[in-house]
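> Here's the letter readout for the chains.
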Amino acid sequence: MTTLVIAEHSNTELKPATLHAVTAAQQIGSEVHVLVAGAGCAEAAAAASRIAGVSKVLVADNAAYATQLAENMSALIAEVATAYDAVLAAATAGAKNVMPRVAALLDVAQISEITAVISADTFERPIYAGNVIATVQSTDARKVITVRATGFDAASAEGGSATIEALSSAHDAGLSRFIEERVAKSDRPELTAARVVVSGGRGMQNGDNFKLLEAVADKLNAAVGASRAAVDAGFVPNDYQVGQTGKIVAPDLYIAVGISGAIQHLAGMKDSKVIVAINKDPDAPIFQVADYGLVADLFQAVPELSSSL
Amino acid sequence: MKVLVAVKRVVDYNVKVRPKSDGSGVDLNNVKMSVNPFCEIAVEEAVRLREKGVATEVIAVSLGDKSCQEQIRTALALGADRGILVETDAELQPLAVAKLLKAVIEREGVQLAILGKQSIDGDNNQTGQMLSALAGMSQGTFASKLDIADGKATVTREVDGGLQTLELSLPAVITSDLRLNEPRYASLPNIMKAKKKPLDTLTPAELGVDVTPRVKTLKVSPPPERKAGIKVGSVEELVDKLRNEAKVI
Ligand SMILES: Cc1cc2nc3c(=O)[nH]c(=O)nc-3n(C[C@H](O)[C@H](O)[C@H](O)COP(=O)(O)OP(=O)(O)OC[C@H]3O[C@@H](n4cnc5c(N)ncnc54)[C@H](O)[C@@H]3O)c2cc1C
Ligand SMILES: Nc1ncnc2c1ncn2[C@@H]1O[C@H](COP(=O)(O)O)[C@@H](O)[C@H]1O
Numbered sequence: 000m001t002t003l004v005i006a007e008h009s010n011t012e013l014k015p016a017t018l019h020a021v022t023a024a025q026q027i028g029s030e031v032h033v034l035v036a037g038a039g040c041a042e043a044a045a046a047a048s049r050i051a052g053v054s055k056v057l058v059a060d061n062a063a064y065a066t067q068l069a070e071n072m073s074a075l076i077a078e079v080a081t082a083y084d085a086v087l088a089a090a091t092a093g094a095k096n097v098m099p100r101v102a103a104l105l106d107v108a109q110i111s112e113i114t115a116v117i118s119a120d121t122f123e124r125p126i127y128a129g130n131v132i133a134t135v136q137s138t139d140a141r142k143v144i145t146v147r148a149t150g151f152d153a154a155s156a157e158g159g160s161a162t163i164e165a166l167s168s169a170h171d172a173g174l175s176r177f178i179e180e181r182v183a184k185s186d187r188p189e190l191t192a193a194r195v196v197v198s199g200g201r202g203m204q205n206g207d208n209f210k211l212l213e214a215v216a217d218k219l220n221a222a223v224g225a226s227r228a229a230v231d232a233g234f235v236p237n238d239y240q241v242g243q244t245g246k247i248v249a250p251d252l253y254i255a256v257g258i259s260g261a262i263q264h265l266a267g268m269k270d271s272k273v274i275v276a277i278n279k280d281p282d283a284p285i286f287q288v289a290d291y292g293l294v295a296d297l298f299q300a301v302p303e304l305s306s307s308l
Numbered sequence: 000m001k002v003l004v005a006v007k008r009v010v011d012y013n014v015k016v017r018p019k020s021d022g023s024g025v026d027l028n029n030v031k032m033s034v035n036p037f038c039e040i041a042v043e044e045a046v047r048l049r050e051k052g053v054a055t056e057v058i059a060v061s062l063g064d065k066s067c068q069e070q071i072r073t074a075l076a077l078g079a080d081r082g083i084l085v086e087t088d089a090e091l092q093p094l095a096v097a098k099l100l101k102a103v104i105e106r107e108g109v110q111l112a113i114l115g116k117q118s119i120d121g122d123n124n125q126t127g128q129m130l131s132a133l134a135g136m137s138q139g140t141f142a143s144k145l146d147i148a149d150g151k152a153t154v155t156r157e158v159d160g161g162l163q164t165l166e167l168s169l170p171a172v173i174t175s176d177l178r179l180n181e182p183r184y185a186s187l188p189n190i191m192k193a194k195k196k197p198l199d200t201l202t203p204a205e206l207g208v209d210v211t212p213r214v215k216t217l218k219v220s221p222p223p224e225r226k227a228g229i230k231v232g233s234v235e236e237l238v239d240k241l242r243n244e245a246k247v248i
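As they're listed, the protein sequences go chains B and F. Numbering that gives the first Met the number 0 numbers the first residue of the first sequence as 0 and each following residue consecutively. Numbering that gives the first Met the number 0 numbers the first residue of the second sequence as 0 and each following residue consecutively.
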């Protein structure tokens, strides 16, 4: 049984999320291939060929895939997928945009955000903001799956020597046009890949005060995240949001500052190894999941924390 | 331009649901049901388009058993013009919902469909994308801004690194993210008026769609319990614990 993993990449770099999807793919089938679709993506393809356990890399290098437009990507993947028993991708915003289309074009269900592989057709996935874990079995002949990266270890990025095969097919649906992408450049580690995450909530009061968290993050080489309330209030950009409908993180250390701990927020961080909560309300629900809780005014505690690190 | 909005009936977001003790399903006895929050945002966006004169009619569609009428009435109270219930007692999965919505769109001549990005019960995040693929309509998911002009939709999308803007040809499928708008509250007079708005019922058979589930839920279970830890008395103690006990810094 051969499985196909769709690479998440920036043409020049392979995103770490791909490595987690490869691990899930290995648990489903014996042989794993990776599809890299992009424009000028030879470097990403070369990186994919070095992943341990991958035997073949398919490369679709064409202008039609330059910005990963969903209509074009899904047509390509659905075409390639017919040679495979299962198609997987890490559940990034990009894959969430594309993979359900692939499933629909193949007339099969998509199994979203699996956290465990029980067998080749049976998987675990969280539902209801992670309050329930469902064990689900697919009855479709071909599986389309997105993988929650926190549920699977990363495959080793080095050690493999897969063959690379170029695909010539170009799908340009002509339905949508890329205008621009506004991506904040940051020297910090990516939220979903960071070993330490420091997140702020409504308690931060404004965007300026996030500097207090950045000072802590600088000392710990951490990423900065936020609750929905902090994003909605405009303190920080949307890509900071951690939670049910934001990013799912599971770092070694998660520090929640001025965050109450609504279930939708917990859904995105409760699998972190160690959780610290700083909140002035001793009854805040976040303390029910925190390994170390500090009842304090954040405006006092956070500066103290950064100076003692 | 006719706009369709899909409104799903789900357990209210404030309810913490639990699996039944025999693992056969989620305990939905006496829990509060609501419109999926993302669908409320979708309705608000559609109603604003009509208020701006871009949309001529807003049709709210829900799929499921009879009780989904309640959520359609809510959408009508928020400003949708009429409702369609695709009624079935069968379990509906995203692929089936997408096929049914496609059939409704073709029947009604809809130019723009606005769905939620995700239902908060199944956490699928699939239906809009599937609908777009099946109907051959352009796709703008996770939208935080939508403009319609000159037969095109310009949509700003929430992506992993920030924001992306696409231009879509119509007809299009849009899915709403949290920041697309802030939904209004239904006023009492509008709730009364909604009771008189038309609400038609169709069935999957009339729409010619096979809704047989493709995925079986074998069991449901609670997630691993996370125990509350300790309260520390000071920042100094916190740092000491993180260094010497947890060894994470
Ligand atoms: C459909 C839907 C999806 C959602 N998705 C998400 C999601 O993905 N992620 C998410 O986070 N939320 C999500 N939410 C929102 C969620 O329900 C909560 O509203 C949100 O998480 C609350 O954010 P908060 O904890 O920052 O704010 P609040 O609940 O207002 O909490 C602020 C906390 O700060 C503390 N505080 C205030 N001042 C200080 C101070 N000086 N010092 C110390 N502590 C202080 C307070 O005691 C309080 O506990 C979603 C909601 C819905 C309906
Ligand atoms: N049974 C349903 N009735 C109406 N709309 C639905 C239904 N199922 C899904 N949808 C729409 O599809 C969106 C995404 O749902 P999902 O793919 O299940 O996460 C929802 O926010 C709704 O707009």
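Everything labelled a hint here was simulated from the structure, so no lab data went into it. Check each hint, because a few of them may be wrong.
[To be verified] Restricting the straight-line Cα-Cα distance to at most 20 Å, the calculated cross-link-like pairs of lysine to aspartate or glutamate (EDC-like) are: (1) Lys-246(F) / Asp-296(B); (2) Lys-218(B) / Glu-235(F); (3) Lys-279(B) / Glu-235(F).
[Unchecked claim] Interface residues of chain F toward chain B, partial, derived using beta-carbon atoms under 7 Å: (4) Val-16; (5) Ser-20; (6) Gly-24; (7) Val-30; (8) Ser-33; (9) Gln-125; (10) Thr-164; (11) Val-219; (12) Val-231.
Predicted model only: the values in this text are computed from it and were never measured. Think of the CB as a built atom: it goes at the ideal place given N, C-alpha and C, for glycine as much as any other residue.
> All hints, please: hold or fail.
Against the structure, the hints:
no.	hint	in the structure
1	Lys-246(F) / Asp-296(B)	25 Å, violated
2	Lys-218(B) / Glu-235(F)	16 Å, holds
3	Lys-279(B) / Glu-235(F)	17 Å, holds
4	Val-16	5 Å, holds
5	Ser-20	13 Å, violated
6	Gly-24	9 Å, violated
7	Val-30	11 Å, violated
8	Ser-33	14 Å, violated
9	Gln-125	4 Å, holds
10	Thr-164	4 Å, holds
11	Val-219	5 Å, holds
12	Val-231	5 Å, holds
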